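Q: Residues per chain are reported as follows:
2 protein chains.
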Amino acid sequence: MRDVAIIGAGITQFGEHWERSFRDIGIEAGMKAIADADLSGSEVDGMFIGNMSSGRFINQHHIGALIADYSGMATNHVPATRVEAGEASGGIAFRQGVMAVASGMHDIVVVGGAEKMTDVDDPTSNEIMDTTSDTQWESSLGVTFASLHAMIAKRSIHDGVFTREEMASMSVLDHAHGALNPNAQFRKAINLDTVLRSGPVAEPIGLFDCSPISDGAAAVVLCPLEEAKKHTDSYVKVSAVTQASDTLALFQREDITRFCATTAAANKAYRLAGISSSDIDVAEVHDNYTVSGILALQDLGLFERGKAGKAVLEGQANIGGKVAVNTSGGLKARGHPIGATGVAQIVEVVQQLRGAADKRQVAGARYGLAQNVGGTGSAVTVSILEAI
Amino acid sequence: MRDVAIIGAGITQFGEHWERSFRDIGIEAGMKAIADADLSGSEVDGMFIGNMSSGRFINQHHIGALIADYSGMATNHVPATRVEAGEASGGIAFRQGVMAVASGMHDIVVVGGAEKMTDVDDPTSNEIMDTTSDTQWESSLGVTFASLHAMIAKRSIHDGVFTREEMASMSVLDHAHGALNPNAQFRKAINLDTVLRSGPVAEPIGLFDCSPISDGAAAVVLCPLEEAKKHTDSYVKVSAVTQASDTLALFQREDITRFCATTAAANKAYRLAGISSSDIDVAEVHDNYTVSGILALQDLGLFERGKAGKAVLEGQANIGGKVAVNTSGGLKARGHPIGATGVAQIVEVVQQLRGAADKRQVAGARYGLAQNVGGTGSAVTVSILEAI
Chain A
121 MRDVAIIGAG ITQFGEHWER SFRDIGIEAG MKAIADADLS GSEVDGMFIG
171 NMSSGRFINQ HHIGALIADY SGMATNHVPA TRVEAGEASG GIAFRQGVMA
221 VASGMHDIVV VGGAEKMTDV DDPTSNEIMD TTSDTQWESS LGVTFASLHA
271 MIAKRSIHDG VFTREEMASM SVLDHAHGAL NPNAQFRKAI NLDTVLRSGP
321 VAEPIGLFDC SPISDGAAAV VLCPLEEAKK HTDSYVKVSA VTQASDTLAL
371 FQREDITRFC ATTAAANKAY RLAGISSSDI DVAEVHDNYT VSGILALQDL
421 GLFERGKAGK AVLEGQANIG GKVAVNTSGG LKARGHPIGA TGVAQIVEVV
471 QQLRGAADKR QVAGARYGLA QNVGGTGSAV TVSILEAI
Chain B
121 MRDVAIIGAG ITQFGEHWER SFRDIGIEAG MKAIADADLS GSEVDGMFIG
171 NMSSGRFINQ HHIGALIADY SGMATNHVPA TRVEAGEASG GIAFRQGVMA
221 VASGMHDIVV VGGAEKMTDV DDPTSNEIMD TTSDTQWESS LGVTFASLHA
271 MIAKRSIHDG VFTREEMASM SVLDHAHGAL NPNAQFRKAI NLDTVLRSGP
321 VAEPIGLFDC SPISDGAAAV VLCPLEEAKK HTDSYVKVSA VTQASDTLAL
371 FQREDITRFC ATTAAANKAY RLAGISSSDI DVAEVHDNYT VSGILALQDL
421 GLFERGKAGK AVLEGQANIG GKVAVNTSGG LKARGHPIGA TGVAQIVEVV
471 QQLRGAADKR QVAGARYGLA QNVGGTGSAV TVSILEAI
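Residue numbers (my numbering), protein chains in the order written: chain A, 121 to 508; chain B, 121 to 508.
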């Protein structure tokens, strides 16, 4: 198996792009990544695209071919494959790209993630967003994606895993970092009171506990590690990328206050990378709701169970803290264009490990982690990147 | 890169399964493949699922996690990834599975393809079937998937690539073979007159030139070639699996009477396998319409351009002919549950190379090929398997 490096990264502005199309933002991210890798594009021999629901959001399936075509790659017949795993689509597309290079079947691979959510009347409808939970036993019976997470939050607070205030502090953290990221959807710091007083969505979850509806795309370029230096001095090593499943429906879990798939994927990733959780300097975690963020920090072993919420509240997850979490602004402030999220996380970690994260740079960052989640913890991918 | 073997294969009855669910047929195929490989299931460490549009057909995304869950694999956190490339979803999922084993990241992988099309009122609606062509420049303007293929057929007949009768003979071929396949949706031989006199869909394409709406699932089990003998004496080598893209929209092609992505993928596959097209004994080709089948035979180099239609009409593609084509019954008679098709093709080739194809066995078959197409030739995958 060949070791793999990331030699380029690109991302669009995240937000509500009423005036732009899916193909437009997808190509922008890819072209930026290719230019960043100092390639012309003709060297690319494979593409993977993470996307949750182009079929619902833009009424277009088969977007692998679409992206290959509109990026000019169809002329060379470059294979392009769409990967879908709910909200983990981007992270899992990244894993397929790494696999493609590791196998020797491809040499220069672009992995993109893209979602255009604002072209439909109601992106949160139970025909779209809720279909990453179990349609047969959850959403068709009226349980929304937010209310599933509300149940997790309620039980966690009841069990003393974290308090309501600690949970809310995840949003404050995201906004503090998002204010430093020019590509973030929301670039304004907020305080705890704003989160606690925001309108209820599914109690205890309020509006500021929820990631927004977003358009956006992100991309990275991969090649064999031993070839990376030919292209750039500023590359990053992929030390591990793992994936784990759990039951689709929440009611089938023994304990809904843990995402066991996160722990399974993380433990394997640490082992493959030859490090422990305490070695991680920067981490992008999947906080589609604040509750998911706090649980992620525990399940990844970055903070002790029962202490992650307090740590975030006390600033230990801020830049300069024990481990810098969601320096991009996370899903709440950077934005959450679903299929793009997992790749956007990788882009942020790459920029941190390159020392190119400007105002939000974590000094001396060596190991970075990204955790991307589909459904209520039903599919999780964990990637560990290392500065060279 | 490790060589890869197929050690198990399973398939459901294809047809209209009003009484069965997506998860039900998906699990049946997977379990049959696992049992066929003489495994208990606990050895499986990765799954790939080809599916075109569970989001539209059954209102459920995230079916990787769904299948992992309902097959009991979620308990072990086995990663499961859905791949979508329109009608080529199954073939491309197979390619991802091969990549996973070749890379060394996985050892025992199940690749499944499944589609449940009969749970919606109109599976052929332009919000589903037509969305594998270019939504922006084709289907949203009223061009259906059938009419795109009708244009290809009309131009081909005009250019003398084949005649209407020769095109129709592809359907006769499929039905002749389908009559021998107990899992086929249609198990009745037909004659040329039936095709020529069938009601028009988009002229010159009539009803009997079109593959049906189908439910069904198929699965195979992969492992490293050097480990295959531990599991079974009846394994098959994966000699090549390639993929190529072309423009999404048909109007952007120089010549619509060729699928250049098929030729690109095939030529690479022959090279990787170290054979030429004349070595192929059995071939499963993607004939969603009869026109696609005849063109595939030419673009794959199995018959000369301008002579493929005549060859089919004369029986050279029948069992016992120059090369046995669509011994399963092809998309027309075996059925075309979209995401399942590419994997069903692999299952048929495996059974032929094992000498386990019963009444439709091709004597002494050594090399088999499967060609799976997304859109109007926008994504093509070609696999070459070899008997051991």
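Source of the hints: derived by calculation from the structure; they are not laboratory data.
Please note that a few of the clues may not be correct.
For chains that are exact copies, the list does not tell them apart, and a pair is met inside one copy or across any two.
List of simulated lysine to aspartate or glutamate pairs, EDC-like, C-alpha gap at most 20 Å [claimed, not checked]:
hint : residue 1 : residue 2
1    : K442      : D401
2    : K479      : D279
3    : K388      : D242
4    : K274      : D399
5    : K357      : D401
6    : K308      : D353
7    : K388      : D227
8    : K152      : D123
9    : K350      : D239
10   : K442      : D227
11   : K388      : E139
12   : K388      : E163
13   : K349      : E434
14   : K388      : D165
15   : K442      : D313
16   : K274      : E347
17   : K430      : E285
All figures in this text were calculated on a predicted structure; none of them were measured in a lab.
Q: State for each hint whether it applies.
A: Taking the hints in turn, this is what the structure says about them:
| no. | hint | verdict |
| --- | --- | --- |
| 1 | K442 with D401 | within (8 Å within a copy, 63 Å between copies) |
| 2 | K479 with D279 | neither (38 Å within a copy, 63 Å between copies) |
| 3 | K388 with D242 | neither (38 Å within a copy, 45 Å between copies) |
| 4 | K274 with D399 | neither (32 Å within a copy, 64 Å between copies) |
| 5 | K357 with D401 | within (15 Å within a copy, 44 Å between copies) |
| 6 | K308 with D353 | neither (34 Å within a copy, 64 Å between copies) |
| 7 | K388 with D227 | between (25 Å within a copy, 16 Å between copies) |
| 8 | K152 with D123 | neither (24 Å within a copy, 35 Å between copies) |
| 9 | K350 with D239 | neither (41 Å within a copy, 53 Å between copies) |
| 10 | K442 with D227 | neither (37 Å within a copy, 37 Å between copies) |
| 11 | K388 with E139 | neither (43 Å within a copy, 41 Å between copies) |
| 12 | K388 with E163 | between (32 Å within a copy, 17 Å between copies) |
| 13 | K349 with E434 | neither (41 Å within a copy, 58 Å between copies) |
| 14 | K388 with D165 | between (29 Å within a copy, 13 Å between copies) |
| 15 | K442 with D313 | neither (25 Å within a copy, 77 Å between copies) |
| 16 | K274 with E347 | neither (50 Å within a copy, 49 Å between copies) |
| 17 | K430 with E285 | within (9 Å within a copy, 76 Å between copies) |
Hint violations for this structure: numbers 2, 3, 4, 6, 8, 9, 10, 11, 13, 15 and 16, all remaining hints satisfied.
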